[in-house]
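Visitor: For the record, the sequence lines run as chains V and S.
Position 180 (the first sequence) corresponds to 180 in our numbering; numbering is contiguous.
Position 33 (the second sequence) corresponds to 33 in our numbering; numbering is contiguous.
In case anyone wonders, no lab produced these hints; they're calculated from the structure.
Hints may contain errors.
Unchecked claim - Restricting the straight-line Cα-Cα distance to at most 16 angstroms, the calculated cross-link-like pairs of lysine to aspartate or glutamate (EDC-like) are:
#1 V:Lys165 to V:Asp70
#2 S:Lys90 to S:Asp14
#3 V:Lys80 to S:Glu211
#4 S:Lys133 to S:Glu113
#5 S:Lys215 to V:Asp170
#6 S:Lys140 to S:Glu202
#7 S:Lys212 to V:Glu60
#8 V:Lys102 to S:Glu78
#9 S:Lys95 to S:Glu113
#10 V:Lys81 to V:Asp95
#11 V:Lys24 to V:Glu60
#12 V:Lys102 to S:Glu148
#13 V:Lys80 to S:Glu148
#14 V:Lys97 to V:Asp170
#15 V:Lys97 to S:Glu135
#16 V:Lys81 to S:Glu211
#17 S:Lys90 to S:Glu78
#18 V:Lys81 to V:Glu64
#19 V:Lys124 to V:Glu136
#20 S:Lys55 to S:Glu135
#21 V:Lys97 to S:Glu199
#22 V:Lys102 to S:Glu211
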Amino acid sequence: MIDAKDNGSIIQLFHVHKYYGSKKALVDISLNVSKNEFIFISGPSGAGKSTLLRLLYLGEPVSEGQILVDGMNLSRISRKKIHLLRRKFGIVFQDYKLISTKTVFDNVALVLEASGKKRKFIEKKVRSVLRTVGIEQKINALPPGLSGGEQQRAAVARAVVGIPKIILADEPTGSLDSDSADIILNLLKNFHAHGGTVIVATHDKELIRKAGGRILHLKQGHLYFPG
Amino acid sequence: MATYYHRAVQDLRDNGFLSSVTIITIALSVLIVSAFALFFTNANDLMNYWEKGIKIMAYLKPGTSQKNLHDIKRNIQEIYGVQDVTFISKEEAFKKLEQQMKRQSSILMNLNENPLPDALEIRMTTSSQRSEKVEEIATKIESMPSIEDIEYGQQWLRRFTNIFDLFRLAGYTMGGIFFIAAVFIMSNTIRLATYMRREEIEIMRLVGASEKFIKGPFYIESIIQGTLGGMGGIAALFITFRLISSTVENSFKYELFDIKFLSPEFYCGIILCSIFAGWSGCYISLKQFLRT
């Protein structure tokens, strides 16, 4: 069993495997992610990028190996404490995962409500974040009434509003036009500039080229460290 | 708690259609159960009222003296289960017979003398209005020396009691089945409503909401839906009751029998049951979703 040590790493993976039955999704992944790093995990569809991200926030458990996140050993976390791990992350999902019956404000405010913040603070903070991502005028809109780019920006706003330590973004520009993709990238860069760690899973080479940062490559479940 | 309540009310508004369907389904379930309970309690009261009409007629031997009559009345009154004893003289009985026969009463005019005997009308206490008890009392009275004959509708009484027993047994059984079915429907309605929102629950978990934060508003919503559904069902029953009771009451106006609505204890109990059913449905759903 591996103990959590503060050695400048915020995420550490030790020989992580993930199987779905007999299918190997991830094979022997070992990785250190330092605090305030900007990492891209690239690779074709089905390479295991989303699976790797899901393992980090315990969206599903590892089959073998161990993961440490900001001093928490994921193998030792009880079901009732998972929310404490997830509060370390701001997650931008590929399919946005916005609650369709709640307004943009309520979707973003959810993160702050869940961590017990006061109503007045939430009002102020959510408005401020929505202004930053450029959709303040859509504050009372329901997600189905937003464009793809606006939904993605709402998802980013929700990811950053709680000032998490790490942002995980799964194909954050996947279905967006070039302008919308630039806005999302700038938001992630801005978060990184303020000391946050960012991990982006994408197959968008243009996005990787524009952003800079460390690039990891996943192919058929194996992780490669190019150059 | 106030935050949870605020969120629960907002969730009910946000999921307006789903919440309305849930409340209406609960209200209909409550309406069916309470309508049956209303019918059954009134039918039961009516049967109890009819049972009170059971009486024994004891016919006295001719020439029974006034002193003897006094002793017989006292002896009958002392039998356990007898409520009151009324003397009906042969003249009174004849007058009653004349009134009952109406147009055919002319037949009685041809009689030279009154053929009817003096009689005692005996009524039983509520607890003794059962066929076995009535028979027991009747046997004791019949064995008294000044009593010539006795009548209490032996055959009719036995059938009447059997029908009553059967009706009550069927009523309790059906009531029980209706109740269980209603609890099941209410519980599953809330369960399905919670199931429809499983994605919302999943998203809340992913953004770091604790189980308490997720469950709290859902429980409050299920309690609100159970309360509103329960009250709605009782209110609908009350309105229907008011609309039709006047018509039904006219049919019973000669019977001195009042049709009553359910007692406050009973309908409060039904509302509490609908709250519990809603809560339990929510509990089962959340337990399933949060386990995965």
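Visitor: Please go over all the hints and tell whether each is borne out by the structure.
Guide: For each hint, the structure was consulted:
1. V:Lys165 to V:Asp70: holds, 9 angstroms
2. S:Lys90 to S:Asp14: violated, 80 angstroms
3. V:Lys80 to S:Glu211: With Cα atoms ~7 angstroms apart, Lys80 (chain V) and Glu211 (chain S) stay inside 16 angstroms; holds.
4. S:Lys133 to S:Glu113: Distance ~37 angstroms between Lys133 (chain S) and Glu113 (chain S) Cα, so the pair is violated.
5. S:Lys215 to V:Asp170: Given pair Lys215 (chain S), Asp170 (chain V) is violated - Cα atoms ~28 angstroms apart, limit 16 angstroms.
6. S:Lys140 to S:Glu202: violated, 77 angstroms
7. S:Lys212 to V:Glu60: Outside the cut-off at roughly 21 angstroms; violated.
8. V:Lys102 to S:Glu78: Violated, at roughly 78 angstroms.
9. S:Lys95 to S:Glu113: holds, 13 angstroms
10. V:Lys81 to V:Asp95: Answer violated: Lys81 (chain V) to Asp95 (chain V) is near 26 angstroms, above 16 angstroms.
11. V:Lys24 to V:Glu60: The hint holds at about 15 angstroms.
12. V:Lys102 to S:Glu148: Outside the cut-off at roughly 87 angstroms; violated.
13. V:Lys80 to S:Glu148: violated, 86 angstroms
14. V:Lys97 to V:Asp170: The hint holds at about 12 angstroms.
15. V:Lys97 to S:Glu135: violated, 78 angstroms
16. V:Lys81 to S:Glu211: Given that 16 angstroms is the threshold and the Cα spacing comes to 9 angstroms, the pair holds.
17. S:Lys90 to S:Glu78: Not OK: Lys90 (chain S) and Glu78 (chain S) at ~24 angstroms, beyond 16 angstroms, violated.
18. V:Lys81 to V:Glu64: Roughly 21 angstroms between the alpha carbons, so the hint for Lys81 (chain V) and Glu64 (chain V) is violated.
19. V:Lys124 to V:Glu136: holds, 12 angstroms
20. S:Lys55 to S:Glu135: holds, 11 angstroms
21. V:Lys97 to S:Glu199: Satisfied, since the Cα-Cα distance of roughly 8 angstroms is no more than 16 angstroms.
22. V:Lys102 to S:Glu211: violated, 20 angstroms
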